[in-house]
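Chemist: These are the residues of each chain, in order.
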Amino acid sequence: MKQIRTLADLIKIKDEYLSKSKESEKKDAPGGKVRIRVHMGTSGIASGARAIHDFLTIELEKRNIDAIVIKTGDMGYCFAEPTIEVTLPGEEPVIFGNVDKLRADEIIEKFIKNGEYVEGILPVNYQIIN
Amino acid sequence: MSSIKIELREEDVKRIKEICASFRNDPQELINVLHRCQEHFGYLPAEVQEVVSEELTVPVAKIYGVITFYSFFTMTPKGKHPISICMGTACYVRGAEKVLDEFKRELGLQVGQTTKDGKFSLSSLRCVGACGLAPVVLVGDKTYGRVAPDDVKNILKEYEQ
Amino acid sequence: MEEIKMVKYRKQILVCSGAGCDSRHSEEILDNLKLELEALALENDIQVIKTGCFGLCGLGPVVKIMPDDIIYTKVTPEDAVEIISEHIVKGKKIERLVYKDPLTQKLVSASSEMASFKKQLRIVLRNCGIIDPESIGEAIARDAYLALGKVLKEMKPVDVIKLIQDSGLRGRGGAGFPTGLKWKLAFENKSDEKYVVCNADEGDPGAFMDRSVLEGDPHSVLEAMAICGYCIGSSRGLIYIRAEYPLAVARLITAIKQARDIGLLGNDIFGSGFNFDIEIKYGAGAFVCGEETALIHSMEGLRGEPTVKPPFPVESGFRGKPTNVNNVETFACISPIILKGASWFSSIGTEKSKGTKVFALAGKINNVGLIEVPMGTTLREVIFEIGGGIQYGKKFKAVQTGGPSGGCLTEKHLDTPIDFDNLVAAGSMMGSGGMIVMDEDDCMVSISKYYLDFTMDESCGKCSPCRIGNTRLHELLEHICKGNGTMADLDRLRNMSLVIKDTALCGLGQSSPNPVLSTLENFMDEYVAHVVDKKCPAGKCRDLMQYFIISDNCVGCTACARVCPVNAITGERKEPHLINPSICIKCGACIEKCKFDAIIIK
Amino acid sequence: METMKLTIDNKIIEVPKGTTLFKAARELGIEIPTLCYMELHDLNIENKPAGCRICVVEVQGRRNLAPSCATNCENGMVVKTHSTRVLNARRTVMEFILSDHPKECLICPKSGSCDLQNMAIRLGIREIPGTEIAKMSTYRKDTSPSIIRDLDKCIMCRRCETMCNDVQTVGALSAINRGFMAVVSPAFEQNLEHSTCTYCGQCVAVCPTGALTEVDHTPDILRALADPTKTVIVQTAPAVRAALGEEFGMEPGTLVTGKMVAALRVLGFKYVFDTDFAADLTIMEEGSEFLDRLSRHLKGDESAKLPILTSCCPGWVNFFESYFPDLKDIPSTAKSPQQMFGAIAKTYFAEKIGIGRKDLVVVSIMPCLAKKYECQREEFSTDGNRDVDYSISTRELAAFIKQANIDLNNLESEEFDSPMGESTGAGVIFGNTGGVIEAAVRTAYELNTGKKLEKVDFMELRGLEGVREATIDFNGTPIRIGIAHGLGNARKLLNDVRAGKSKFHAIEIMACPGGCIGGGGQPLHHGNSDIIKARAAAIYREDKKKILRKSHENPFIIKLYKEFLGKPNSEKAHHLLHTHYFDKKKKFIVKQ
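These protein sequence lines are chains W, R, G and S, in that order. Going by the numbering used here, the letters in the first sequence line up with residues 1 to 130, in that order. Going by the numbering used here, the letters in the second sequence line up with residues 1 to 161, in that order. Going by the numbering used here, the letters in the third sequence line up with residues 1 to 602, in that order. Going by the numbering used here, the letters in the fourth sequence line up with residues 1 to 592, in that order.
Just so you know, the hints here were simulated from the structure itself, not pulled from any lab data. It is possible that part of the hints are untrue.
[Unchecked claim] Which stretches of chain G does chain S cover? Using the computed rule of at least three CB atoms under 8 angstroms from a CB of chain S, they are:
id : stretch
1  : 302-311
2  : 450-462
3  : 487-500
[What the hints assert, rightly or not] Here are some of the chain G residues that sit facing chain R, going by a computed Cβ distance under 8 angstroms:
id : residue
4  : K74
5  : P77
6  : A243
7  : A284
8  : S298
9  : V368
10 : Q400
11 : G434
12 : A538
Backbone N, C-alpha and C define an ideal beta-carbon position, used for all residues, glycine too.
Excised from the complex, chain W in its bound form:
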C-alpha cells in the first residue's frame, strides 16, 4: 500500500476499498461474490471458528463458488459461537450462530446456493453507527 501523506491519499484508499466491495455486492454482476465473515476473536476461536474458516475456504473452492472468506473479530454473540456472517450479492448480510461443519455445509448448499434460510440465524439486534 502506498504511503499516506495527505487526507486525499486516505480517502483514495477508502474509495478504492469501497468500490471494490460495492462491485462484489452487485447482484448477478461479474464481480459479484459471496462474502463470508468468520468471527475469529479468542472466544470464537475457542469455540471452533478456525475449523469453520478452513472448512468454508476449502469447500467453497471445491464447490466452485466465488466467495471471499474474511477473518474478523468477534461480534459478541458468545452464546452462539462460532458465528459467521454471509452476504449474498445484493442482499442484506445474514448471521448464523452455532456453526459446525454440518451447518456450514448446509449454509453452502441451501443458503449460498439457493438463498434458502437454514437454522441458526441470529437476527441483528443492534444498530450500528455508520
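Dock chains R, G and S against the given chain W, drawing on the hints supplied.
Modeler: This is chains R, G and S only, laid out in the frame that chain W set:
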C-alpha cells in the same frame, strides 16, 4: 522458592544476554525481558534471574520481587500438558470450582503443582474471555468449553499415552 | 461460476427461538405454523425457520415474515393459524399482532422501523465482526484514520480537547473521569516529553470488552492514541496489555506495523509535522495494574504497586513525565466523536453519562456475550431483553456490575437506568463493564466470598487494610458459610468493610469490600439465615446442608447406599433408608443415583 | 514562597506549598501516629510508601480518609486528626496489623523499643477481634552472622527496603510476593548470608518491629567471663560512648565514656581498653600507606594507585568486595581498628601479660552489626582462634548492663586501662563521617610537611552532606579529599573511580549514614535525625577535650612501634595490621 538447581549452558546464557540486549539492557524493560526469557525456558529459574540481574543491573532481589508479584511468571517448570481452569466469575457461577476440585482429586495436585512425572500441571486463571463457554478449561492451547466434573476423566484420558 | 439461483421459497417465516421467546412457547408456534402450512400444502412454498434472539424479548415471542419485512410481536401458538390464513394466504397484515408505539399509538411493523426498539447501539464495537482486523484497508474503508487526518489538518489541540470535553465522554475504565478534562490537564502540564498510555490490562473476571475491541478493530485504538498525542503534545504511545491476550497482541502488532508502513504512525503523519509512534508493554497477570499508578510502575519494570495520588499521572507518570492513561473503550469512542461531532455523542445517554457502554454479559443469563447500549438503558432491558433473561427459566436474584470492585444489585434496581452515577448511588459501580447475572441458586454470601477471594489474591500487599483486612473479611465470610458466624460477626464484617473502604491506598482496596457491603445491604436476610438459622437458602454452602431421605418416597432400592463413598447410608432392602449426618460428606452422589426423588437437601 | 492556609483540629496554620498534613500537624504540636513513615531530613532519607494507613486523617469534603504522610496541604482544607471516624479506622487498621503479628511481645528482642508495641499502647488496643480464626503469614527464620530475620513480625513498612536499596544501593532486600504473603526478603527467600547483604545493619536500625534484629552474642561473653581459665578484655568503639546513654534515659549526645568503662569493669572485664587506641594505630598505618602511595604517584609511578580508600568500615569492605571487586587493590590494606586491636591484643598484649592467645578473649563493643561478621572472617583468625572473639552492639551492651543490675546513671566515671586504653582526639572522631580522614590529615600533614599543624579542626571535612569534598594544602601540594557516607553515596564516588574520572587523592567511606554514630548497632533513632546530630556533636566535644589530638602523638602508639612493630608499614606491621580483599561478586553457574 525453587528448590531445583540448574546449570545454565553457555548458549542459554548467550540467549539471555541477547534478549536483554534486544531491550537495550534497559532496567525498565525488565518485564518484557522476563516474558521473553520465560518463553525460552518455560520458567524462570534463579540462575536465569541472576544473569538478567547482571545484564540489566537490577538487583536480583528486585527481579525476584517482580517475578513473585506477577502471577504470569513462574519459577517452577510447568507440566508437559499445563491445565488451567478459568476461575473468572462467569465460570465460577457456572461451577468452575467443582471442575477444579475434580482435577485436583484426579491428579492429586494442588493449584500451582506439577505431577511427579512432569506430565500435568494445574493452575487456575482469571477469565480467558470465553465466557460463553463457561466453565472453561485449557489444556495447553486447547480449550474445553462447558466442562462438567464428569468430563474431567475423559479430558485427562486424551493425554494418556 | 455457478449461477446463484433465485430464492426457492416464496416467503419465509422466521420464528425467534431465543431462550426468552422459547420460554413463551415459540417452539409450539413453530410447530403450529408448520402444521398449518402442511395442511394447506404450502410447505414447499413457504419456509419456516428458527432463529436466534431478536433482542426484543420484552415483545416476544417474535415472528418475522420475509421478504415482507413485517414483525409480529407477542405471538401465541394460537395465532399461527391466523398468520398463515391472513398474512401468507391473503397477504393481509395482522394489525392485532403489530407493535403499537405507546407514545404515538402508531403501529410499527417493519424491521427497519423496529430498529429503534433495538436496545443496542454500536459505537465502540462499530467495526467488530465487520472488518478484517489484519487489513488496514478495510479499516480505512470504514473511516479509520479519517478523524486523525481531520484533526491534524484542520484542528488545533485545544479545539479537539474542547470537542472531547463537550461530548461529555467519561473514562470507560471504571471511575468515569471526564476524558476531555484529563487530556486538558495532560496538555497543560508542560514537559519535554509526555506519554499516551492505553490501558488494556483488562483484569475483571468476566470482562472481555477491551479484548474484543483490540481483536476486532485495533486501528480504532491506535488512531485515537495518535489523536490524544497530538492534543497533549506527546509523540510516544504505549499500550499496556495483558500477556494473557495473545491474539489481541498479535493483531495489535500487525496493526501497528501496517499503520507505520503507510505513514499513519511514525514521523510527519499526514504531512503535518506531527510524529507519533506506539509500542507495546506487557502485563504479567496482576489485576491491580489496571490502576493507573500501578500500571505505570509495571511499565517501568517494577512491581505493580500503586502510589498515592496526587501526583496524578497527568502530572508525573511514566518516567516521571506527564502521562495520559485511557482505557481501550474510551479510545475507541474518540474518532466517531470527532467525525460526528460532540453534540451527536452527547445526545446519546443520560445527563451526566454520555454515549454508549459495552458490557460483557455472563453468568446465568441466556445470551452470554458482548453488548453495547446507550447509557441510560435499564438493567432490566439489558438482562431480560438483550440478554434473553435467566437460564432455564430460573428466578433472577442479582446482577453484579463493576467486577470485584462493584456490588450486587437486585430486583429493586432493575429499572435503574445504567450510568456512572446511578450505579454508584445503588451501591455498585460501572467498572469496566462486566455484568454477571445470578439466579436463585446462587448464595450471596458465597458470592461475596468469591470476590474477596479474588481481591485477596490480587491485593498488591502494600497497604495494611487491603493486605490484611481483605484476608480477615474472607475468613469471616468463610466462618459464616461454615455456620459458625454470629450476628455480632455481621457488624464486624460491616465495620471492617467500611474501614477498608475508607483507608485503603488505591482503588482496588477502596472498592474491594463493595461486594460485601452491597450484599449485606441487599441480602441481609441471607446472611441472617446463615448465622441464625445456620441455613444456606440457596443450598450452596456445603457445611450448612443436610441430606435427608424422605421415607415415604424411598423404596429401599439401596442404590444410594451402594454409591455412598463413606457408607453414611444404611437401611434394609425394600425398607426406607437413613443418612447418618455425622458421617455424610455431602458429596451429592446419592441424590444423583436416586430415581425416586427421595433424597433432599435441607 | 507560595503558602497554604488550612485548619487542623480547629487550629489555623499556614505552611509552604508542598508541606504534608503530617508535617503541618507536627508544626502545631500534633503528632499523628504512623508506623511506616520515616524521614531523616539531614541525611536525605525518606520512606513514604503510605502503606501502614495508621496516619489517616479526615479531610472535610473528601470521600475517604487521607494518609497524612502523603497528602499535601491545600488552601482551605479542614482536617481532623482524631474524629470518631479517624479513631475507629486507625484502631481497626491497627487490629488488622496486630492480627497478623505474633503475640509474643514478652520474649521479643524488640520488646520495649518496638514501634508497633508502642502504637498498640498509644491506641489503647485491648483485644484483637477474630484472632481465633485469623491465619498468620509465616516465613522461615533466617540467622546470618550479624542479622536475624523473623519475617512473621514484618509489617511491610518498607523502611528496610528503602534503606537497603535507595540509601545503601545494596539491593539485598526487596518486597516479594503479593497480597497477604507480601514481605521484604532477599532474592529467592534465601538466607541473608547468601545474598549481597553487607551487614551494614541499617535495615535493623530502622525496623519498627522485631522482624530484623541483631544476633545476640552476650551469652557467649557471659560464658567467657565465667570461665576462670580465660582473661576477658574489651575494646569500645568511639561512637558507643556518644550513644549508650540514650538507652538509660539520657539526652542524645550525652557522653558516658567514664560510666561505660566503670560498667564494663563491673561486668567483669579484666581490662577495659579503647578501640580509639587502635584507631590511632590505624592512622599510623593508613596514613603512612597514603603518603607512600602519594609520593610515588607524584613521582609518576603508575603502580601507585590513587585515590586511596579508607578501609575501617566492614560494611563498606563487604560492599566493594561484592560490587567493585575490580577495584579491590585501591582501598588501603590497613585492617579496621577493631581488627588491629585484636591482632595487637592477641600478640603484643597477650605476651605482655604472659598468657597464650587462646586464653585471652577479646570482646568488642561496636555501634555496628557488620563488625560481628568482620571478626568472623577467616583471615582474622590464627589457628582457628579469632583475633576478636565476640563483637556486640551498643544496644546489646545496654541490655547486658541492665541484666547485671548496674545503674549506669549513678556510676562514678573511671578511666580506660593502659596501655591500649590511651588514645588521642584523632581516634575519637573515627566515629563520625569525615572523622577518619580528618584524623589521617592531622597526622599525614605533619609527617609529610614536617611542620606542626596549627589548626587541628578541619571544619571543611565535617557535616552531614552525603558526598563532601575538600582540598587541603600540604605545603603547596593540594590534596583533594572526598568523603561519602551511606553506601549509595559511596557508589557514586566509586563509579567515578572505576571510570577513571575521580579527581581525589584520598576518599573516606563509611557505610552508615552519619558514620558509626548512625551505625546499625546504635540505640534506635526511630527516625529522628536530631539524635544523630547530637551524637556527632558529642564526638567532636570529646575530641576537643583531649590534650593530644593527633594519632602520631599518642605516646603508647610510639611505644608500641618502638617495642614491637618497628616502623609503620614494617614487615611485622604488615603481617599483623594489614589484610587483603576478595572478589565476592555473585557468579552464576555456567555449564560448558
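Chemist: None of the hints should be skipped; say for each whether it holds.
Modeler: Hint-by-hint comparison with the structure:
Only when three residues or more bring their CB closer than 8 angstroms to a CB of chain S does the claim for the stretch 302-311 of chain G stand; here the count is 5, and the claim holds. Counting residues of the stretch 450-462 of chain G whose CB lies closer than 8 angstroms to any CB of chain S gives 7, which reaches the minimum of 3, so the coverage claim holds. As drawn, the stretch 487-500 of chain G meets chain S at 4 residues by the rule of a beta-carbon pair under 8 angstroms; at three or more, the given contact holds. With 8 angstroms as the threshold, the beta carbon of K74/G stays out of range of chain R, its nearest partner Cβ sitting at about 28 angstroms, so the hint is violated.
Given the 8 angstroms rule on beta carbons, the hint for P77/G is violated: about 30 angstroms separates it from the nearest Cβ of chain R. Interface hint status for A243/G: upheld, as the beta-carbon distance to the closest one in chain R is roughly 5 angstroms, under 8 angstroms. Hint on A284/G holds. Least Cβ distance to chain R is approximately 3 angstroms, under the 8 angstroms limit. Given hint, S298/G at the interface with chain R, holds; its Cβ is 7 angstroms from that chain's nearest Cβ, closer than 8 angstroms.
The restraint placing V368/G at the interface with chain R holds, with a minimum CB-CB distance near 5 angstroms, inside the 8 angstroms limit. Checking Q400/G against chain R by beta carbon gives a least distance of about 7 angstroms; that is within 8 angstroms, so the hint holds. With its C-beta approaching chain R no nearer than about 7 angstroms, G434/G sits inside the 8 angstroms limit, and its interface hint holds. For the restraint placing A538/G at the interface with chain R, the shortest Cβ-Cβ distance is roughly 11 angstroms, beyond the 8 angstroms limit, so the hint is violated.
Hints 4, 5, 12 from the list above are not met by this structure, while the remaining hints are.
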